[in-house]
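S.K.: So the chains spell out like this:
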Amino acid sequence: MPAVTSQNPAAAGAFGARLRGFREVQRLAYECAEAVAAQLKPGVTEREAARMQRVWLRGRGVRDWFHLPFAWFGDRTAFAGFRVPLQFFPTGRRLEPGMPFILDMAPVHRGFTADIGYSGCLGLNPVHDRLMADLEAHRELILREVRERRPLREIYEDVERLMVRQGHTNRHRAYPFGVIAHKVDRVRERRWAPTVFGFGTQSLKGLASDALHGHREGWSPLWSPYSFSDHPPQPGLWAVEPHLGFRGTGAKFEEILVVTDSKDPQESAFWLDDDLPHVRRWQEEKAG
Amino acid sequence: MTQLPDPVGNEVEEEGEERDMADAVEGRGAAGAAGAADSGSGGAAAGAGLPGARERWVRTGGIELCVAELGDPERPTVLLVHGYPDSKEVWSDVAQRLADRFHVVLYDVRGCGRSTAPQPLRGGFTLEKLTDDFLAVADAVSPDRPVHLVGHDWGSVQSWEFATVRRTEGRIASFTSMSGPSLDHFGHWIKGRLKRPTPRRATQLLSQSLKSWYVYALHTPALPEMAWKGPLGKRWPALMERFEKVPGGDYPTSSLPRDAAHGAWLYRDNIRSRLGHPRDDAFAHCPVQLITPTGDAFLSERLYDDLDRWAPRLTRRTLPAKHWVPRTRPDQLAAWITEFVTTQEEGDPAKAVAASGAYADRFGGQLVLVTGAASGIGRATAFAFAEAGARIIAVDRDAEGAARTADMARLIGAPQAYSEVVDVADAAAMEKLADHVEAAYGTVDVLVNNAGIGLSGSFMETSVEDWQKVLDVNLWGVIHGCRTFGKRMAERGQGGHIVNTASAAAFQPSRALPAYSTSKAAVLMLSECLRAELAGQGIGVSAICPGLVNTNITATSRFTGVSADEEKARQTKATRVYGLRNYPPEKVADAVLRAVVRNQAVVPVTPEARGARFLSRVAPRALRAVARIEPPL
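Protein sequences appear in the order of chains W and G.
Going by numbering that gives the first Met the number 0, the final residue of the first sequence carries number 287, and the count climbs one at a time with no gaps.
Going by numbering that gives the first Met the number 0, the final residue of the second sequence carries number 632, and the count climbs one at a time with no gaps.
Think of the hints as simulated: they come from the structure by calculation, not from any bench.
These numbers come from a predicted model, not from an experiment.
Do not take every clue at face value.
[As the list claims (entries may be wrong)] Calculated Cβ distances over 10 Å to all of chain W for the following chain G residues:
1) E168
2) Q467
3) G578
[Claimed, not checked] Have a look at the derived ranges for each label pair, beta carbon to beta carbon:
4) G/R575 with W/R59: 43 to 51 Å
5) W/T200 with G/A357: 42 to 50 Å
6) G/G294 with W/R279: 40 to 48 Å
7) G/E629 with W/E153: 21 to 29 Å
8) G/D397 with W/R50: 41 to 49 Å
9) W/R109 with G/R575: 37 to 45 Å
10) W/P264 with G/V576: 30 to 38 Å
11) W/R187 with G/E629: 49 to 57 Å
12) G/L313 with W/W191: 29 to 37 Å
Virtual Cβ for every residue (Gly too), placed ideally from N, Cα, C.
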């Protein structure tokens, strides 16, 4: 664990504990994704897959959500023909052999938020394999440029340029505000945690308050292609989700990037956890 | 001459290729008495189109069938059945192309070419008797293994009968049908439309009944025979060349008047009985490949709409050509037959056509060359063709990008994809590339001249070098592409298509883009002129005119008359504007494929391009007013 705030060594311990909490819930979410992905078989619908994630996480103590679990199958992984945000919600689309799928969930556990995306496919799909392999360069690019303190809007454009050079299209543009990332934070635990359009009210409140602060100080909790993201990375936890699409097949990863105000480039930004399924997959490919 | 009893009791005569015609006519003996009298003229030229063929005679039901074989008999047998009014020589070009891969067998249908005619003619041409002939030939040439059947016109009509009756089950491995529906399916097609004549279905029926005028004519007694043996027979080759674009040469053979006169009985013996009482169990018991020529003057494409019902294992292909495809498109037919037969022989479903895109029936296996394929519209076009199963050659200056395009094209359905690094502005390099492509991959079927660069800045600030650069790529690149690849396409004489990427700037004047617009307007006019020139050769030319499309042309465009920093800033700004407009290059690629399929001349893509095109015709002054606005960059 690197000491993250050089100015205030006393806070490092508390910060470390906080990161541990976030890391645990992120691991829990990825465990859920792998468990649910292992149970997917032909004929399962998106709604069933979303419910499986919800049930699995509820059983392990998750009571609140940044957003409820999503599941996308087939060409819906590339958001083909998406025009209104309601189309993100799970449908009755059934999984078929060779189909790609994405599980996306954001549980809140003991007040810590995770937001993860897990891409897979049922059986063989060479296009999906290629997309997954191509995502690695984006993980490296984003970290490098955040450490260089480049404006978020420029990083966004560089990621998009890399996607286009790889032959893909940028599908995170389809998300609300076209975001590639958004801030996440601790959430107060309440006994009653309602959701609005799939988003937890507590988390939305946090995001709104960040947006207000940011608006006054010239930054935004949403990392978008627009001018309100034309600022250097703001310290905090960012859930980063580059999403590639290639002719009806989509793939993404989503995980938390920690940004600090440290002067040391290594400590100024780092991925919360490097022991994740997609990272392991790339390492195995290199070893093999 | 040796007489060999064959497995079904028909007598087969083995003959060497050196056997001469006089011998053959004599050797047929009494069975062909009627035919022999007629075939004196037919014999002289028969076999002329089939050099290297081994001939033999198969005797069945009192008829002698002239059978020709090419290629190694150990290989899978492909049996080609000709139509009306043809003889087996109609297949000569296709057979030559198949002979190095397969054991190719052709025979003259009874009463045609050098086969003898039944006596009496009436009742001698029923589909049942034709099925006997097929079985006799199949048993003679491939006694142990089922044959791959290919039929054109009446050859296809009778092959449908072979492929759907019980007694041939196990003898047919696959069937490729072109321009000949099953009479039973046709009968049901008519009945269905008569029973429920919605406006659309009634129109389909009317349209086909107009196309079938010759069928009614052939039912009149004696007259068709007189016409064929008189003026029609004499003029037929010229008519074929004029209206059907069949290249002249050694076909039709001189036996044509006799073939056509006898063949009239194919119609008289079968049409009324089968169309009136179609069989209900005419289901194909083998995989079927249907090749539909879109320009067929005698058969509507709609005839095959319900075919999936009758042939569960159906592969569809469409070909922009007229009726006589074995004469006009031998390369494409040979490629599709080879692919289909090979797939059936290998029996590996994983290797079956993976292409899922729209138009896979049209572009499957075709060779498509795209310039500027490393990014943007070129790359998206290459991918769209790849999804339709075409073989892709991605050409660009950017080696890495072109290689990436080829690589990804393979993932989504292109059976083969290659990348070539060439600057389209370099005439010598393009000539070299064309030679290399021709030798290594074959003749290009669809050429997409897409490479282009952007240049912005007022006329007075555009230097001579800037002009040369933009014209070299945008105009000369297209000229070189059309000269080199277009020339080879025209020389092959089997059709093709050229797509040139122009721009909405070709009809929208602008003070900001004088050089670019000039180059694109030239491309548009070049395409129109070339279209006129190549129309007679079955080669279409389309100009695609996209408006603002989100590609990296903005990031690489040159802005004249400003500093390097300002140029960079304008590139970024333009990229953002195009990004906000966000019209994807994939939609332009879809328009390219549609333009090729429909053979459209000028295709504006994006609403602003369509608007500009419309205004340029009805209100050019409005466009001139727009041209004076300085774009806010």
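S.K.: If a hint holds in the structure, say so; if it does not, say that too.
M.R.: Hints, one by one, checked against the model:
1. Once the 10 Å rule is applied to beta carbons, G/E168 is consistent with being away from chain W; the minimum gap is 32 Å.
2. A cut-off of 10 Å between C-beta atoms confirms that G/Q467 is not in contact with chain W; the least separation is 28 Å.
3. With a least beta-carbon separation of about 7 Å from chain W, G/G578 fails to lie farther than 10 Å from that chain, contradicting its non-interface assignment.
4. Between G/R575 and W/R59 the C-beta distance comes to about 44 Å, which sits within the given range of 43 to 51 Å.
5. For W/T200 and G/A357, the Cβ-Cβ distance of about 45 Å falls inside the hinted range of 42 to 50 Å, so the restraint holds.
6. As the Cβ distance of G/G294 to W/R279 is approximately 57 Å, the hint placing it in 40 to 48 Å is violated.
7. Hint check: G/E629 to W/E153, Cβ distance near 28 Å, so the stated range 21 to 29 Å holds.
8. G/D397 and W/R50 have their C-beta atoms about 47 Å apart, which keeps the hinted 41 to 49 Å range intact.
9. Checking the proposed 37 to 45 Å range against W/R109 and G/R575 shows it holds: the Cβ atoms sit about 42 Å from each other.
10. Here the CB-CB span from W/P264 to G/V576 is close to 34 Å, well matched to the stated 30 to 38 Å.
11. Separation of W/R187 from G/E629 is about 55 Å and conforms to the stated range, judged on CB atoms against 49 to 57 Å.
12. Restraint check, G/L313 to W/W191: a C-beta distance of roughly 59 Å breaks the suggested window 29 to 37 Å.
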